[in-house]
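Guided by the hints, dock chains R and G with the ligands onto chain F, whose structure is given.
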Amino acid sequence: MSRLLPRANLEGVVAALRSAGYRVVGPVRRGSLVTYDEISSAADLALDVIITRDSIKKFVLPRTEVVARFNRDAAGKVSVLDATAAPQPTVILGCRPCDAAALPIDDLVFAWDSTDRFWFSRREAVRLVTIACANCDESCFCTSVGGAPDSPEGSDVLLTETAAGDYEVQALGERGAELLAKFPGLRDAPAADRRVAAVPQRFDLSAAVTALEKNFESPFWRQTALRCVGCGCCTFVCPTCHCFDLVDEGPAYHSERRRNWDACQMKNFTLHASGHNPRPWQEHRYRQRIMHKFLYYPSRLGRTLCTGCGRCVRACPVNLSLLQVVSDLAAGRANALPTSAGEVKK
Amino acid sequence: MTAPRPADNLYLPHLMIVDAIRDETPDIRTIRLRFCDEAVGKSFSWQSGQFGIFGVFGEGECPFCIANPPTRPGAIEFTFKLAGRVTRALRDLDVGDQMGFRGPYGRPFPIQEKFRGRHLVFIGGGIGIAPVRTVYLECLDRRAEFGEITILNAARTVADLPFAAESAELAARKDVRLILAVDPGGQTPEWSGRVGLAPAILKELAPPAAGAVAVVCGPPVMIKFTLPVLSELEFPAENVYTTLENRMKCGVGKCGRCNVGREYVCKDGPVFTAVQLRGLPNDF
Amino acid sequence: MPAEGRQLEKLRHLARHALESGAVSLVIGFAEGTVPGRAAPLFCTAPADADRLIFDGYCTLNLANYLTRPEVRAHQTVALVARHAVAKAVVGLVQESQVDPTRVRLIAIHCPDLDGLQQDVAWTVADGLQTLDEFLPTAAHLHDQELTPERFAAVAQVESKSSHDRWDHFAREFDKCIKCYACRNVCPLCYCERCIADKNQPQWIDTSSTQRGNFAWNIVRAFHLAGRCIDCGACERACPMDLPLMELNRKMKKVVAERFGYVAGYDPKADLPLVTFKKDDPEEFIK
Ligand SMILES: Cc1cc2nc3c(=O)[nH]c(=O)nc-3n(C[C@H](O)[C@H](O)[C@H](O)COP(=O)(O)OP(=O)(O)OC[C@H]3O[C@@H](n4cnc5c(N)ncnc54)[C@H](O)[C@@H]3O)c2cc1C
Ligand code: SF4
Ligand code: SF4
Ligand code: SF4
Ligand code: SF4
Ligand code: FES
Chain F
1 MSRLLPRANL EGVVAALRSA GYRVVGPVRR GSLVTYDEIS SAADLALDVI ITRDSIKKFV
61 LPRTEVVARF NRDAAGKVSV LDATAAPQPT VILGCRPCDA AALPIDDLVF AWDSTDRFWF
121 SRREAVRLVT IACANCDESC FCTSVGGAPD SPEGSDVLLT ETAAGDYEVQ ALGERGAELL
181 AKFPGLRDAP AADRRVAAVP QRFDLSAAVT ALEKNFESPF WRQTALRCVG CGCCTFVCPT
241 CHCFDLVDEG PAYHSERRRN WDACQMKNFT LHASGHNPRP WQEHRYRQRI MHKFLYYPSR
301 LGRTLCTGCG RCVRACPVNL SLLQVVSDLA AGRANALPTS AGEVKK
Chain R
1 MTAPRPADNL YLPHLMIVDA IRDETPDIRT IRLRFCDEAV GKSFSWQSGQ FGIFGVFGEG
61 ECPFCIANPP TRPGAIEFTF KLAGRVTRAL RDLDVGDQMG FRGPYGRPFP IQEKFRGRHL
121 VFIGGGIGIA PVRTVYLECL DRRAEFGEIT ILNAARTVAD LPFAAESAEL AARKDVRLIL
181 AVDPGGQTPE WSGRVGLAPA ILKELAPPAA GAVAVVCGPP VMIKFTLPVL SELEFPAENV
241 YTTLENRMKC GVGKCGRCNV GREYVCKDGP VFTAVQLRGL PNDF
Chain G
1 MPAEGRQLEK LRHLARHALE SGAVSLVIGF AEGTVPGRAA PLFCTAPADA DRLIFDGYCT
61 LNLANYLTRP EVRAHQTVAL VARHAVAKAV VGLVQESQVD PTRVRLIAIH CPDLDGLQQD
121 VAWTVADGLQ TLDEFLPTAA HLHDQELTPE RFAAVAQVES KSSHDRWDHF AREFDKCIKC
181 YACRNVCPLC YCERCIADKN QPQWIDTSST QRGNFAWNIV RAFHLAGRCI DCGACERACP
241 MDLPLMELNR KMKKVVAERF GYVAGYDPKA DLPLVTFKKD DPEEFIK
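Residue numbers (this note's numbering), protein chains in the order written: chain F, 1 to 346; chain R, 1 to 284; chain G, 1 to 287.
Okay, chain F solo, but in the shape it has when bound (with noise of 0.2 Å):
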């Protein structure tokens, strides 16, 4: 036996979760975007795509908010607010596993000796009804980063779709338990077939690894990365990127300090006022991408900054895969380099 929610139930849901005081928000099309936006019926939502174009982490890291505000009176002195974010509670209905998964992965850096309010306080404030993957397309790869298109990791509700388009429900911890309490019209009914994807496993994640331990110098760096443009593409739709820039902007008598979203793969990311850039070469900052994904984060902090989504994949204006670079890592041909595409004298 599981519990049902019979698909024309989901507008019952919405409405459940919106009087209970809770944003809905949920893949949402706008024409020929589809990202997730606040809802107000079942019947905004844009369940055939395969994935939203950005992903759930604005919910958590906004791609701009403010961290302190700096008032100045008419005498010039200066009072430190801090910023309180009291975020909106929130349900994210129809969140991909693959997002769902980023949120446990970044609690991670978050919470590396010291606490993020900010992003602990949304954290608290989200709850995520995951619909597991019943498609997939050529970009996605979560099962070759230990994720699955039904995987529950992270979620509070994970919605399985059966043969018949009802879905399957499954409520996780007692935070999930409580949001299911508040939808209508579930009912018991038999194990039904599932509708979910099969994702290929598209590479070794350890040989990638390993050959990553072994090539922080190779050609590999500049041939795969010529074509890059530097633009933050790649990390901004990325539901794993949490890379922040601080600023203070504003009139100077109310001014606010920011964070922003920011990306090692732009010049400035790392380049010193003395003029001084660590990474001079757009090469050395892709490689700084994929190292940290890979390499860097699992072993500071134990898991792989990627859950395949495969957006970055999608997104990329010059179709540089990080699929296809890390597939070509796991098959040691960053050991072994091929012709000579892409090389470049200096």
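Keep in mind that the hints were calculated from the coordinates and are not lab data. Glycine is no exception: its CB is placed at the ideal position from the N, C-alpha and C atoms. Keep in mind that a hint or two might mislead.
[Said to hold, decoys possible] Mimicking DSS-like on lysine-lysine, the simulated pairs with C-alpha atoms at most 27 Å apart in a straight line are:
1. F:Lys267 to R:Lys224
2. G:Lys176 to F:Lys267
3. F:Lys58 to G:Lys278
4. R:Lys81 to G:Lys176
[Unchecked claim] To list a few chain R residues with every Cβ distance to chain F over 12 Å, as calculated:
5. Gly55
6. Ala89
7. His119
8. Thr157
9. Ala168
10. Asp183
11. Arg194
12. Ala200
13. Lys203
14. Pro219
15. Gly253
16. Val275
17. Gln276
18. Asp283
Quick look at chains R and G with the ligands alone, frame taken from chain F:
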């Protein structure tokens, strides 16, 4: 208004008041701060080698080492060189103005564990003397615990040598050997110190190396050429210390900006030994 | 062999021969991409690399963007697989003294304007490697098609809105921007070593992705390209948030054409309309 509690909000600075300003060179300045909230000031503690993130409200923040050692408490000092936006704004501050500070961050020099009972050599180039000076000030304040102390302070020109008055006092002391040096061409007719590059002068000085500790900070080229000289002089690499400087934002291992390989300069550094340095990928 | 297959053979042959003969040391073209809608830039330095070259309707990136990269500048002579938009960007770069025309060759592709929506397009490749001067006459006739009303359909739609609705429209669109700078970084004419968006003394543009920061960035980007944008659409296709950047770029293009009778991308010797002082400027904006 309730007093802000930086402990809750990692990015909330302490409110500080500029107590004194001293120009060290045309572009290097020392600012002395006190905590607006005296109670916070009293309970604040740090160790030599740790740094803080200093900020001008509305302009931004940047990292500097805390320039006064814990043996000289009661204030927070930092010595900075004009570089860009925030350092320019810092130069516009007057005594009595307010600014922000958070810290202390990073790992200090292991003075207690590794320096005591040994001969010490300090080498600073340019603004790199700032972190070195914090350590030698502490060691001088605890003079009896160490062997011979040698300090080499090198700058491009005579005008670029900071801490002139303090240096004059040190030069007069019998229990410390201070060498001031400027790059060839940087000397004035009256210059009585050395002329030459730090690595070459160090080689000439050949300070006692057996079991000794060396602290070297300066521009990357200086470090690059000084480390081999130290190893030639047979300083054990695990006793050679330097500080790394990477661009930083958070200071607490979150913003992802300061790593060199697996090491985060803000958490694992900024103090590293030459042995650790050798283990780092070439990414700094 | 179907026509496209013959063209592909010819393209690869030209690239291979250019490398073999030493005429160039690098050919930049496209290889098969890994996702629908995208082709991957390919840097060929060995003749055998040419076998991976392809061309189709997904090859929309503007490869002229790479000419200003230091790694590419290190080459004496470089050939680009160049549809018309790429060649127009080369014109712009030469005009602005960013690229030495004697060090660039084109493997010219003749095809309709690509919008990146379909893979199949009819294309042919020119008979041999061309210099910019050799190429220009073969595309001069396209100048007449630059200002056809179809190209400005989206602009006309925005123009027809009330100023209030227009504000709403752009506020909504700019709100999507996440400041990833992909638009800038793929643009062949956005080559500044230090972009105004990266300068902090003074801070011209708020770096935060707030309404203020986003408006400033999107408008400044478009303004800095006024009279220089060659209408390739690379920026819009790169944008991960699907901002309609060509609405702005084409509006600029239209105004520049109306006011200065100028269309970018045809004459490497022309004066740039917005940086050229003319005594007889009407200067109606100074009241
Ligand atoms: C641990 C540590 C200790 C330091 N101690 C000192 C010191 O005692 N005295 C001193 O003069 N300098 C020191 N520096 C260097 C100093 O932080 C930079 O010179 C300063 O950040 C330049 O800021 P700016 O705003 O004037 O320059 P901008 O070019 O306007 O920089 C903008 C921002 O980039 C960052 N940034 C730029 N350059 C650096 C850099 N080299 N290191 C770190 N962040 C940078 C800062 O966040 C800065 O606010 C130290 C750096 C580190 C990492
Ligand atoms: S690196 Fe790419 S595939 Fe991995 S989590 Fe980030 S966006 Fe997804
Ligand atoms: S890949 Fe780059 S942007 Fe992403 S978390 Fe790692 S260092 Fe930060
Ligand atoms: S602004 Fe856009 S359309 Fe214009 S040249 Fe640049 S990339 Fe091409
Ligand atoms: S590419 Fe799009 S999202 Fe990125 S900065 Fe440009 S307009 Fe904004
Ligand atoms: S300064 Fe932010 S991680 Fe080190």
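Hints, verified against the model:
1. F:Lys267 to R:Lys224: With Cα atoms ~24 Å apart, lysine 267 of chain F and lysine 224 of chain R stay inside 27 Å; holds.
2. G:Lys176 to F:Lys267: Between lysine 176 of chain G and lysine 267 of chain F the Cα gap is close to 23 Å, so the pair holds against 27 Å.
3. F:Lys58 to G:Lys278: Since the Cα atoms of lysine 58 of chain F and lysine 278 of chain G sit roughly 49 Å apart, the hinted pair is violated (cutoff 27 Å).
4. R:Lys81 to G:Lys176: violated (40 Å)
5. Gly55: violated (7 Å)
6. Ala89: violated (9 Å)
7. His119: Histidine 119 of chain R is indeed farther than 12 Å from all Cβ atoms of chain F, at 32 Å.
8. Thr157: Non-interface label on threonine 157 of chain R holds, nearest chain F Cβ at 17 Å vs cutoff 12 Å.
9. Ala168: holds (29 Å)
10. Asp183: Correct as stated: the minimum Cβ-Cβ distance to chain F is 17 Å, above 12 Å.
11. Arg194: holds (25 Å)
12. Ala200: Answer for alanine 200 of chain R: holds, closest chain F Cβ roughly 23 Å.
13. Lys203: Non-interface label on lysine 203 of chain R holds, nearest chain F Cβ at 26 Å vs cutoff 12 Å.
14. Pro219: Contrary to the label, proline 219 of chain R does not stay out of reach of chain F, its closest Cβ about 8 Å off (not over 12 Å).
15. Gly253: violated (5 Å)
16. Val275: About 18 Å separates valine 275 of chain R from the closest Cβ of chain F, which puts it past 12 Å; holds.
17. Gln276: holds (15 Å)
18. Asp283: violated (6 Å)
Against the hints set out earlier in the document, violations occur for numbers 3, 4, 5, 6, 14, 15, 18.
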